[in-house]
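S.K.: This is what each chain is made of:
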Amino acid sequence: MSFLSFNHHKDVPLDKDPGTRFLPWLIAFMVYLAALSVVATAIMQSVSARWERGVSDTLTVQVPPGDSVKQDQAQIEGVLKILRAHPAVVLAEPIARTHVVSLLEPWLGNSRALDNMPLPHLIDVSLRSGMDVDGQQLVDAMNKVAPGATMDDHRIWLDRLIRMSQTLEWGAYIVLSLIVLASIGTVFFVTKTGLAIHQDVIEVLHLIGAQDTYIARQFAEHALNLGLRGGLLGLAAAGPTFAGFAYLYRQIDSALLPDIDIGLWQWATVMGLPIVAAAMGYLTARVAVLRTLRKMV
Amino acid sequence: MVIVKLENVGLRYGVGPEVLRDVSLTLEEGAFHFLTGPSGAGKSSLLKLMYLAHRPTRGLISLFGSDIATTGRDTLPALRRQVGVVFQEFRLLDHMSTFDNVALPMRVANVHEKDIRKHVTELLTWVGLKDHMSARPSTLSGGQQQRVALARAVITRPRLLLADEPTGNVDDKLAVRLLHLLEELNKLGTTIVMATHNEGLVRQFGHPRICIEDGRVEQMGPLRPAHRPNVRMEGKIR
Numbered sequence: 064m065s066f067l068s069f070n071h072h073k074d075v076p077l078d079k080d081p082g083t084r085f086l087p088w089l090i091a092f093m094v095y096l097a098a099l100s101v102v103a104t105a106i107m108q109s110v111s112a113r114w115e116r117g118v119s120d121t122l123t124v125q126v127p128p129g130d131s132v133k134q135d136q137a138q139i140e141g142v143l144k145i146l147r148a149h150p151a152v153v154l155a156e157p158i159a160r161t162h163v164v165s166l167l168e169p170w171l172g173n174s175r176a177l178d179n180m181p182l183p184h185l186i187d188v189s190l191r192s193g194m195d196v197d198g199q200q201l202v203d204a205m206n207k208v209a210p211g212a213t214m215d216d217h218r219i220w221l222d223r224l225i226r227m228s229q230t231l232e233w234g235a236y237i238v239l240s241l242i243v244l245a246s247i248g249t250v251f252f253v254t255k256t257g258l259a260i261h262q263d264v265i266e267v268l269h270l271i272g273a274q275d276t277y278i279a280r281q282f283a284e285h286a287l288n289l290g291l292r293g294g295l296l297g298l299a300a301a302g303p304t305f306a307g308f309a310y311l312y313r314q315i316d317s318a319l320l321p322d323i324d325i326g327l328w329q330w331a332t333v334m335g336l337p338i339v340a341a342a343m344g345y346l347t348a349r350v351a352v353l354r355t356l357r358k359m360v
Numbered sequence: 056m057v058i059v060k061l062e063n064v065g066l067r068y069g070v071g072p073e074v075l076r077d078v079s080l081t082l083e084e085g086a087f088h089f090l091t092g093p094s095g096a097g098k099s100s101l102l103k104l105m106y107l108a109h110r111p112t113r114g115l116i117s118l119f120g121s122d123i124a125t126t127g128r129d130t131l132p133a134l135r136r137q138v139g140v141v142f143q144e145f146r147l148l149d150h151m152s153t154f155d156n157v158a159l160p161m162r163v164a165n166v167h168e169k170d171i172r173k174h175v176t177e178l179l180t181w182v183g184l185k186d187h188m189s190a191r192p193s194t195l196s197g198g199q200q201q202r203v204a205l206a207r208a209v210i211t212r213p214r215l216l217l218a219d220e221p222t223g224n225v226d227d228k229l230a231v232r233l234l235h236l237l238e239e240l241n242k243l244g245t246t247i248v249m250a251t252h253n254e255g256l257v258r259q260f261g262h263p264r265i266c267i268e269d270g271r272v273e274q275m276g277p278l279r280p281a282h283r284p285n286v287r288m289e290g291k292i293r
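Sequences listed follow chains A and B, in order. By the count of this note's numbering, the first sequence reaches residue 360 at its end, each step adding exactly one. By the count of this note's numbering, the second sequence reaches residue 293 at its end, each step adding exactly one.
Heads up, a few of these hints could be off.
In silico DSS-like links for lysine-lysine, alpha-carbon gap of 30 Å or less [claimed, not checked]:
| # | chain 1 | residue 1 | chain 2 | residue 2 |
| --- | --- | --- | --- | --- |
| 1 | B | 103 | A | 73 |
| 2 | A | 79 | A | 255 |
| 3 | A | 133 | A | 255 |
| 4 | A | 144 | A | 133 |
| 5 | B | 169 | B | 228 |
| 6 | B | 103 | B | 60 |
| 7 | B | 242 | B | 185 |
| 8 | B | 228 | B | 60 |
| 9 | B | 169 | B | 60 |
| 10 | B | 185 | B | 173 |
| 11 | A | 73 | B | 185 |
| 12 | A | 79 | B | 169 |
| 13 | A | 73 | A | 255 |
| 14 | B | 242 | B | 103 |
| 15 | B | 228 | B | 103 |
| 16 | A | 207 | A | 133 |
| 17 | A | 73 | B | 169 |
| 18 | B | 103 | A | 358 |
| 19 | A | 358 | A | 133 |
| 20 | B | 169 | A | 358 |
| 21 | B | 173 | A | 73 |
| 22 | B | 185 | A | 79 |
| 23 | B | 60 | B | 173 |
| 24 | B | 228 | B | 242 |
| 25 | A | 144 | A | 207 |
| 26 | A | 144 | A | 358 |
| 27 | A | 255 | B | 169 |
No lab work stands behind these hints, which were simulated from the structure alone.
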C-alpha cells in the first residue's frame with residue numbers, strides 16, 4: 064500500500080519490484096546518518112560559540128605560591144596594580160582558593176589533600192573587547208613584582224579549539240555530502256533496474272503515445288513515496304539516538320563541556336530531512352527515466 | 056488527405072541486411088488495406104515504421120502530413136495517439152484489468168476519468184466483454200484477448216489503425232466478425248492497414264493489398280472473391 068496517494072493511475076507495477084522493498088530501509092539509514100551529521104555539526108557550532116563567548120576577551124594570570132602568606136599577598140597586590148593600570152584591562156580580580164580547588168576536582172577528585180597542596184594564585188582578567196594586549200610586555204612587568212608569574216591567553220587555545228571544531232564540522236559536511244551522493248546513486252540505479260524490469264510496459268505506453276514525462280512521473284512519484292517513507296523511518300530511529308546522547312552528555316561534568324544549544328533552524332533541518340530525501344528521490348528518478356527514454360525513437 | 060507516405064524507405068536492424076528496400080507507398084484517408092506476404096517478408100517491420108517504433112535507415116516517412124525525420128521528439132507522442140495498434144502478440148498489460156488495459160490510451164491522453172469509464176464500458180460491451188471488465192488478460196481466452204487488444208487500439212477513435220495479424224489465432228468465424236468490426240471503424244473514417252496470412256479473408260473482404268516480399272513492397276488491387284460473405288454486423292461480438 065502506498066504511503067502517499069496520488070491522483071494518478073499507476074500503469075507501471077513498481078510496487079512489486081525488489082527495489083521497493085529495500086529502498087525505504089536504505090533511505091532510512093541514510094536519513095539516520097544525515098540527521099546525526101546535522102546534529103553533530105550543530106553541536107560543534109554550539110560548543111565553539113559557547114567557548115568563544117566564555118573566554119574571549121579574558122585571560123588568566125598565575126602567580127606561583129611564595130614562601131609565606133604575606134609574600135603571596137604582596138605579589139598578588141603588585142600584579143593586580145600592574146593589571147589594573149593597563150588600558151586594555153577592564154577588570155582584574157583574584158580567584159578564591161575554594162573556586163580554584165573546585166576547578167581541579169574533575170581531575171584530582173574531591174580530596175582533602177588539595178587543602179594542603181600549594182596551589183598557584185589565579186587572577187581573572189577581563190579585557191576591553193577587541194583590544195590587543197602585548198602579552199610579553201605585561202608578563203615582564205609582572206615578573207618584576209612576582210617572579211614566575213605567567214599569563215594564560217585563552218585566545219591561543221581557543222583558536223586551536225575553534226579550528227578543531229571547524230575541522231570536525233567540515234568532516235560532518237563531507238559525510239553529509241557522501242550520504243547525499245550515495246542516496247542519489249542508489250535511487251538512480253534502482254530506477255534504472257525498474258526501467259529494465261518493466262521495459263515491455265514502458266514500450267507499450269510509449270507506442271500508444273505517452274509523453275516521456277507521463278512515464279517519468281510514475282517512477283518519480285514512486286521514488287518520492289519510498290523516500291518519504293524511509294526518511295520518516297530514519298528520523299524516528301534518530302530520535303532515541305539523540306535522547307541517548309543527550310543523557311550521556313549530561314552525565315559528563317559541566318566543567319569540561321559547555322551546555323549545548325541547538326537552534327530552531329537546525330532542528331527544522333533535521334525534521335525536514337525526510338522531505339529532502341523524498342524530493343531527492345523524486346528528482347533523481349525523474350532524471351534517470353527521462354535520460355533513458357530519450358534514447359527511444 | 057494522405058495519412059501515410061513512404062518514399063524510398065529502407066530499414067535494417069543493426070549491421071544486418073536490409074529487411075525493407077526502397078519501399079514507397081501512399082495511404083489515403085479512409086483506405087483499408089490488407090498487408091500480405093510470406094512470414095519474414097517484413098510485414099511487421101513495415102507496420103513498426105508506420106507506428107513509429109523504428110526510424111528508417113533511409114528514405115522519408117510522412118504521417119498525417121508530418122515528415123517524421125524533421126518532427127521533434129516531443130511532437131511524436133501526439134502523432135502516436137492518432138494511431139491505434141493491434142500488436143501481433145497483443146501486448147496487453149497483465150498487471151491491469153481488462154478495463155484498465157482498454158482505458159490506457161485515454162489515460163495517456165489525459166481524458167477525464169468520468170469519460171473514460173463511459174467510453175470503455177460502452178466499447179467493452181460492444182465487443183462482448185462487459186462481464187470481463189475486471190478480469191486480468193491472462194485469464195481470458197485468445198479470442199477475448201484479441202478483442203481487448205482491438206478495443207485498446209480503437210478506444211480513442213484513431214485516424215490510422217494498424218493491426219498486425221489480429222486474426223492470427225482465432226477461428227474463422229471470429230476472424231470474420233473482427234473484420235466486420237474493422238470495416239465499421241473504416242466507415243467511420245479510420246484508415247486501416249491489417250497484416251494477415253489469411254488469404255481467405257483477403258478474398259472475402261476484397262480490400263486492396265500491400266504485398267511485401269523479400270523486403271520489397273507493391274500496392275495491388277483486391278483479390279476478387281468468389282462471393283462476398285453474407286455475415287452482418289451484430290450488436291456485439293461473442
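S.K.: All hints are to be evaluated individually against the structure, with a verdict given for each.
M.R.: Each hint tested on the structure:
1. The suggested pairing of residue 103/B with residue 73/A holds, with an alpha-carbon distance near 26 Å, which does not exceed 30 Å.
2. Between residue 79/A and residue 255/A, the direct Cα distance comes to roughly 15 Å. Compliance with the 30 Å bound is thereby established for this hinted pair.
3. For a cut-off of 30 Å, the pair hint linking residue 133/A to residue 255/A is broken: about 84 Å separates their Cα positions.
4. With a C-alpha separation of about 17 Å, the suggested pairing of residue 144/A with residue 133/A holds against the 30 Å cut-off.
5. Only pairs whose Cα atoms come within 30 Å are accepted, and residue 169/B paired with residue 228/B is rejected, the gap being roughly 35 Å.
6. Between the alpha carbons of residue 103/B and residue 60/B the distance comes to roughly 14 Å, so the proposed pair stays at or under 30 Å and holds.
7. A hinted pair counts as satisfied when its Cα atoms are at most 30 Å apart, and residue 242/B with residue 185/B qualifies at roughly 24 Å.
8. About 34 Å separates the Cα atoms of residue 228/B and residue 60/B, which puts this hinted pair outside 30 Å; it is violated.
9. Between residue 169/B and residue 60/B the alpha-carbon distance is near 37 Å, which puts this suggested pair outside the 30 Å criterion.
10. Of the supplied pair hints, the one linking residue 185/B and residue 173/B holds, its CA atoms being roughly 12 Å apart against a limit of 30 Å.
11. Distance check on the hinted pair: residue 73/A and residue 185/B sit about 23 Å apart at the alpha-carbon level, within 30 Å; holds.
12. With a C-alpha separation of about 28 Å, the suggested pair residue 79/A and residue 169/B falls inside the 30 Å cut-off, and the hint holds.
13. Between residue 73/A and residue 255/A, the direct Cα distance comes to roughly 18 Å. Compliance with the 30 Å bound is thereby established for this hinted pair.
14. With a CA separation close to 24 Å, the supplied pair residue 242/B and residue 103/B stays within the 30 Å bound.
15. A hinted pair counts as satisfied when its Cα atoms are at most 30 Å apart, and residue 228/B with residue 103/B qualifies at roughly 28 Å.
16. As the CA atoms of residue 207/A and residue 133/A are separated by approximately 17 Å, the hinted pair is consistent with the 30 Å bound.
17. In summary, the hint linking residue 73/A to residue 169/B is supported, as the alpha carbons are separated by about 17 Å, within the 30 Å threshold.
18. As the CA atoms of residue 103/B and residue 358/A are separated by approximately 17 Å, the hinted pair is consistent with the 30 Å bound.
19. Only pairs whose Cα atoms come within 30 Å are accepted, and residue 358/A paired with residue 133/A is rejected, the gap being roughly 92 Å.
20. Distance hint between residue 169/B and residue 358/A is unfulfilled; the C-alpha atoms sit about 35 Å from each other, more than 30 Å.
21. Restraint check for residue 173/B and residue 73/A: satisfied, since their Cα atoms lie roughly 20 Å apart, inside the 30 Å limit.
22. A threshold of 30 Å between alpha carbons decides the hint, and for residue 185/B with residue 79/A the separation of about 29 Å falls inside it, so the pair holds.
23. A threshold of 30 Å between alpha carbons decides the hint, and for residue 60/B with residue 173/B the separation of about 35 Å lies outside it, so the pair is violated.
24. Between residue 228/B and residue 242/B, the direct Cα distance comes to roughly 21 Å. Compliance with the 30 Å bound is thereby established for this hinted pair.
25. For the hint linking residue 144/A to residue 207/A, the alpha-carbon distance of about 12 Å falls within 30 Å, and the restraint holds.
26. This hinted pair does not check out: residue 144/A and residue 358/A have alpha carbons roughly 84 Å apart, beyond 30 Å.
27. A threshold of 30 Å between alpha carbons decides the hint, and for residue 255/A with residue 169/B the separation of about 34 Å lies outside it, so the pair is violated.
Going down the numbered hints, you'll see the structure goes against 3, 5, 8, 9, 19, 20, 23, 26 and 27, while the others check out.
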